[in-house]
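One line per chain: the protein sequences are D and Z, in this order. Going by our numbering, the first sequence runs without a break in its numbering and finishes at 348. Going by our numbering, the second sequence runs without a break in its numbering and finishes at 348.
In short, the hints are calculated from the structure, not lab data. Incorrect hints may appear among the rest.
As the list makes no split between identical chains, a pair holds if one copy fits it or if it spans any two.
[Unchecked claim] With a straight-line Cα cutoff of 25 Å, these simulated SDA-like cross-link-like pairs (lysine to any residue) come out:
no., residue 1, residue 2
1, K203, K348
2, K271, N319
3, K203, Y72
4, K173, E201
5, K203, G71
6, K337, G71
7, K105, P155
8, K348, D107
9, K348, V262
10, K43, P196
11, K207, E170
12, K348, N142
As the structure is a computational prediction, the values presented were derived from the model and not from experiment.
The chain contents come next:
2 protein chains.
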Amino acid sequence: MKQYVFGHQNPDTDAIVAAIAFSYLQNQRGYDTQAVSLGEAGPETVFALNYFHTDAPKVITNAKPDVDSVMLVDHNEFQQSVADIEELEITHVVDHHRIANFNTNSPLYYMAKPVGCTSTILTQMFIREEVKIPKEIAGLMMSAIISDTLLLKSPTTTEEDKLALKALAEIAGVNYEEYGIEMLKAGTNVDSKSDKELIDADAKSFDLNGNNVRIDQINVVDFNDVTKRKDDLMAEMQKEAQSENYDLFVVMVTDVLNSNSKMIVYGDKANEAAAAFNANLDNDMVDLPGIVSRKKQVVPALTDALK
Amino acid sequence: MKQYVFGHQNPDTDAIVAAIAFSYLQNQRGYDTQAVSLGEAGPETVFALNYFHTDAPKVITNAKPDVDSVMLVDHNEFQQSVADIEELEITHVVDHHRIANFNTNSPLYYMAKPVGCTSTILTQMFIREEVKIPKEIAGLMMSAIISDTLLLKSPTTTEEDKLALKALAEIAGVNYEEYGIEMLKAGTNVDSKSDKELIDADAKSFDLNGNNVRIDQINVVDFNDVTKRKDDLMAEMQKEAQSENYDLFVVMVTDVLNSNSKMIVYGDKANEAAAAFNANLDNDMVDLPGIVSRKKQVVPALTDALK
Numbered sequence: 042m043k044q045y046v047f048g049h050q051n052p053d054t055d056a057i058v059a060a061i062a063f064s065y066l067q068n069q070r071g072y073d074t075q076a077v078s079l080g081e082a083g084p085e086t087v088f089a090l091n092y093f094h095t096d097a098p099k100v101i102t103n104a105k106p107d108v109d110s111v112m113l114v115d116h117n118e119f120q121q122s123v124a125d126i127e128e129l130e131i132t133h134v135v136d137h138h139r140i141a142n143f144n145t146n147s148p149l150y151y152m153a154k155p156v157g158c159t160s161t162i163l164t165q166m167f168i169r170e171e172v173k174i175p176k177e178i179a180g181l182m183m184s185a186i187i188s189d190t191l192l193l194k195s196p197t198t199t200e201e202d203k204l205a206l207k208a209l210a211e212i213a214g215v216n217y218e219e220y221g222i223e224m225l226k227a228g229t230n231v232d233s234k235s236d237k238e239l240i241d242a243d244a245k246s247f248d249l250n251g252n253n254v255r256i257d258q259i260n261v262v263d264f265n266d267v268t269k270r271k272d273d274l275m276a277e278m279q280k281e282a283q284s285e286n287y288d289l290f291v292v293m294v295t296d297v298l299n300s301n302s303k304m305i306v307y308g309d310k311a312n313e314a315a316a317a318f319n320a321n322l323d324n325d326m327v328d329l330p331g332i333v334s335r336k337k338q339v340v341p342a343l344t345d346a347l348k
Numbered sequence: 042m043k044q045y046v047f048g049h050q051n052p053d054t055d056a057i058v059a060a061i062a063f064s065y066l067q068n069q070r071g072y073d074t075q076a077v078s079l080g081e082a083g084p085e086t087v088f089a090l091n092y093f094h095t096d097a098p099k100v101i102t103n104a105k106p107d108v109d110s111v112m113l114v115d116h117n118e119f120q121q122s123v124a125d126i127e128e129l130e131i132t133h134v135v136d137h138h139r140i141a142n143f144n145t146n147s148p149l150y151y152m153a154k155p156v157g158c159t160s161t162i163l164t165q166m167f168i169r170e171e172v173k174i175p176k177e178i179a180g181l182m183m184s185a186i187i188s189d190t191l192l193l194k195s196p197t198t199t200e201e202d203k204l205a206l207k208a209l210a211e212i213a214g215v216n217y218e219e220y221g222i223e224m225l226k227a228g229t230n231v232d233s234k235s236d237k238e239l240i241d242a243d244a245k246s247f248d249l250n251g252n253n254v255r256i257d258q259i260n261v262v263d264f265n266d267v268t269k270r271k272d273d274l275m276a277e278m279q280k281e282a283q284s285e286n287y288d289l290f291v292v293m294v295t296d297v298l299n300s301n302s303k304m305i306v307y308g309d310k311a312n313e314a315a316a317a318f319n320a321n322l323d324n325d326m327v328d329l330p331g332i333v334s335r336k337k338q339v340v341p342a343l344t345d346a347l348k
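Starting from the given sequences, assemble the full structure and let the hints guide the process.
Structure (structure tokens):
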């Protein structure tokens, strides 16, 4: 019986690549799976897919009636998953995030580690199960680790990510540092995006102590590319926060070369969001020096501040 | 910083043994952990601990202020865990149950597989990480697999459980079939227990589609040992259901040698519980031929029936 494998909505490179890689691994092990994605690949992911001659997975919004059961990668929270997730059986999860708003009726396979990237865990699974990683999939998993760890500079980076990245680069036959800068730059073209596209592209929803919080992240090589559009972005954030009942909408703007961020903040809880980083709002923005990780730095700080 | 490792409330053999084994493994890997338990060991577990010369872990009800962070084995649902679980950081979970009523603020290590016993997963972890299993711990983990799978006869049993059991029996130097029958029999002495002890000993609470459901399991070698006390047990179940607001209280009585069960049922949802097995209540009881697994057979059937 066919199963879909997919990452979170607004897929980043790891969400799409981990689905491709895990689907491949599971098919080698006798499952019948297909990698799909819950949104179009962004420019960084397209760069990686093109470089490694791989087609983007089919985009779906609902999994039924195509399949009855699914495997999740790079996420578990239902509000980040396929629209009809509650009607599906989840047989496998491979992830590197906190666990929340997730439940099943039956036992399942669940592998999570607090590492920088799902593809790192998948690399270990390939090795442990002695399944050879095809060159193209190795290149893609390498791209996912570069993306999630900002070339091993994010505080989410672990020794396991470094080992996996180097092993994959070897299989792919690529200088990962040179390739990585090119790939990260390919993902930072914000001029071509509308305001709405910018605040939606990499946004995820979280329930933080009962608050409905939306957090987007935009990678740049120059903050000014985004901050010069701040007033227009705020207008879009306000519109979306009202229609979706967000208590807080945060747009992290991350300088991928220097590993700093700023955040643009909208919502009833905006002051609490600034206080989470011992700062005050300055023209709707907060400087976040040294902060690049939504998962490891921003979500925990906001969770505490919204208690 | 010290961490506690523990299994679920009303610990069975796997809950206590998996804590001992995982604590040992983690300490070998550089963590500073102590195995504890959330209740006294029952007679089956005491038999195994005595046989393999191991002390029962200290019993706790709260983990603070002794520790700030914990590792869970053989459970994840907060209502089955330590009383102050929501104030603790959970860094690791090793389990073989469904995931429900569980959440964390931060990424963590989570290893679950749909196998018969947590100790099976732990056996694989010892082997993968090349940590030698001490003879006594091998004997205890073997006991846990025998207990959870009723000597490999429960439908929860997988090939992985069989392989692990045989590997452990070899290390322990024990004929697992002979030992297993002695151990299972040691756990079936119900005559020495009060009515209240019987309905509490191996009971777990579940939120099944919004219903507060209590499911106890009593192992026997003769149904009559329990069913002759049915009216007294029902009186205790009624008392407890009222004080704890259970919508349904089920006591599974399982013949461990013949792999059949009966259930005694109390509560507003008693008829739905019988219907879950295409049966009617007969004198507050339902025959469950071939059914021995709370997790794999009873919980899913009740979940469906209570929709």
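To see whether the hints hold, each was checked on the structure:
1. For a Cα distance limit of 25 Å, the shortest separation of K203 from K348 qualifies neither inside one copy, at 35 Å, nor across copies, at 47 Å.
2. For the identical chains of this complex, K271 and N319 are intra-copy neighbours only, at 22 Å inside a copy versus 62 Å across copies, given an alpha-carbon limit of 25 Å.
3. In this assembly of identical chains, the alpha carbons of K203 and Y72 lie at most 25 Å apart only when taken from different copies (22 Å versus 30 Å within one copy).
4. Both within a single protomer and between protomers do K173 and E201 lie at most 25 Å apart by alpha-carbon distance, with minima of 19 Å and 23 Å respectively.
5. For the identical chains of this complex, K203 and G71 are inter-copy neighbours only, at 21 Å across copies versus 30 Å inside a copy, given an alpha-carbon limit of 25 Å.
6. For the homomeric pair K337 and G71, the shortest alpha-carbon distance between copies (23 Å) is at most 25 Å, but the shortest distance inside one copy (35 Å) is not.
7. In this homomeric assembly, K105 and P155 come within 25 Å of each other (Cα to Cα) only across copies, at 24 Å, whereas the closest approach inside a single copy is 31 Å.
8. In this assembly of identical chains, the alpha carbons of K348 and D107 lie at most 25 Å apart only when taken from different copies (24 Å versus 41 Å within one copy).
9. In this assembly of identical chains, K348 and V262 lie within 25 Å of each other by CA distance neither inside one copy nor across copies; the values are 34 Å within and 52 Å between.
10. Only between protomers do K43 and P196 lie at most 25 Å apart by alpha-carbon distance; the minimum there is 24 Å, versus 38 Å within a single protomer.
11. Taking the shortest alpha-carbon separations for K207 and E170, both the intra-copy value of 19 Å and the inter-copy value of 21 Å come in at or below 25 Å.
12. Both within a single protomer and between protomers do K348 and N142 lie at most 25 Å apart by alpha-carbon distance, with minima of 17 Å and 19 Å respectively.
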